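Since chain A is already given, all that's left is putting chain B on it; use the hints.
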Amino acid sequence: MYHFNKILAVAFIVLLTGCSIGGEKKIKIFSVEQPREKLDYPLPTPLQMEEIYWHIITSENAEEVFKKLEEAGIDPVLFGITDKDFQVLARNFAQIRQKLQETNNLLQEYQKYYEEEDNADSN
Amino acid sequence: MFGSIKLIFTVLIISSIAGAGMYVMKLRADNATLKANQIQLETAITEQNKVLEQQKEDFTAILESNKKLNVLINTFKKDLQDLDKRFTKKNRDIGKLAIERTKSIERIVNGGGKNAARCIELASGAEHTEAELKATLKSEINPECPSLANPNYVPFQ
Chain A
39 MYHFNKILAV AFIVLLTGCS IGGEKKIKIF SVEQPREKLD YPLPTPLQME
89 EIYWHIITSE NAEEVFKKLE EAGIDPVLFG ITDKDFQVLA RNFAQIRQKL
139 QETNNLLQEY QKYYEEEDNA DSN
Chain B
644 MFGSIKLIFT VLIISSIAGA GMYVMKLRAD NATLKANQIQ LETAITEQNK
694 VLEQQKEDFT AILESNKKLN VLINTFKKDL QDLDKRFTKK NRDIGKLAIE
744 RTKSIERIVN GGGKNAARCI ELASGAEHTE AELKATLKSE INPECPSLAN
794 PNYVPFQ
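If you're matching them up, the sequences are chains A and B in order.
To convert, take the position in the first sequence, counting from 1, and add 38; that gives the working numbering.
To convert, take the position in the second sequence, counting from 1, and add 643; that gives the working numbering.
This is chain A alone, in the form it adopts within the complex (with noise of 0.2 Å):
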């Protein structure tokens, strides 16, 4: 009875500590780096100009030009500008173009900065 007592107890103590037996599990918490999704936008594409045609009229020729319009079945109506808006105009141009070029050129920096880092983080 004696030993049926102590096995008894025993017993009873492994099953109210079993669940702890070899500690408690951990979760384990990690953080893996994802890294964020390229923006992959195509360059743009090139602009495809088309063609004017400049129209010179001067107090002399404007006659011959509105016929020349009529005979090809143009209306014969010009939109002008005078010699020093063109000049204007010109020079306007010339620096939209080159807005245009100095923004292509910084986007193609911006992209070879940060995919030559991407491509070397990659190696």
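In short, the hints are calculated from the structure, not lab data.
Note that the coordinates shown come from a computational prediction; the quantities given were computed from them, not determined experimentally.
Hints are not guaranteed to be accurate.
[What the hints assert, rightly or not] Listed next, the in silico SDA-like pairs over lysine to any residue satisfying Cα-Cα at most 20 Å (straight line):
(1) B:Lys757 / A:Asp121
(2) B:Lys746 / A:Ala100
(3) B:Lys757 / A:Lys150
(4) B:Lys739 / A:Phe124
(5) B:Lys728 / A:Ile67
(6) B:Lys721 / A:Asn143
(7) A:Lys122 / B:Ala759
(8) A:Lys137 / B:Asn717
(9) B:Lys746 / A:Lys150
(10) A:Lys150 / B:Tyr666
(11) A:Lys137 / B:Leu723
(12) B:Lys732 / A:Val52
(13) A:Lys137 / B:Ser790
(14) A:Lys150 / B:Leu715
(15) B:Lys728 / A:Val126
(16) A:Lys137 / B:Lys732
(17) B:Lys720 / A:Thr141
(18) B:Lys739 / A:Ala100
(19) A:Lys137 / B:Asn758
[Unchecked claim] Computed far set for chain A versus chain B, every beta-carbon distance over 10 Å:
(20) Phe68
(21) Pro73
(22) Glu108
(23) Pro114
For each residue, glycine too, the CB sits at the ideal point set by N, CA and C.
Only chain B this time, still in chain A's reference frame:
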């Protein structure tokens, strides 16, 4: 009496052996920790060196990029000056010239317009044609934007 001394000695010897064993085990554990630390330190140093190397490369790339952009902006200024010069060179008055030589000026203006349009295409990222790339003479270049259209053209200073 002799039995007790023998027992004490035995206990002492056993304790000494056990102590020595534990000490050796402690030394081994310390050694393992030190080795692990050493490996970690070496790895950290290698990583730091890599970071420094990368930073150095990045700075060089940034400087180079800045230099390129500065060159580009200076080219823009020069192109605009050249454009102004074309209109005003030697007190040139394009209006008067257009009255005197209407047809030639019309041809020149249309040629210039075509070239300017091509410059915009190139600025927006269009590919150069073979002729544009090969152009080295003044007669072959696009005078509206030689630096952009004809990268192999070196203007005579």
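- Message: For each hint given before, does the structure comply? Return the numbers of the non-compliant ones in rising order.
- Response: Structure breaks hints 3, 5, 9, 10, 12, 16.
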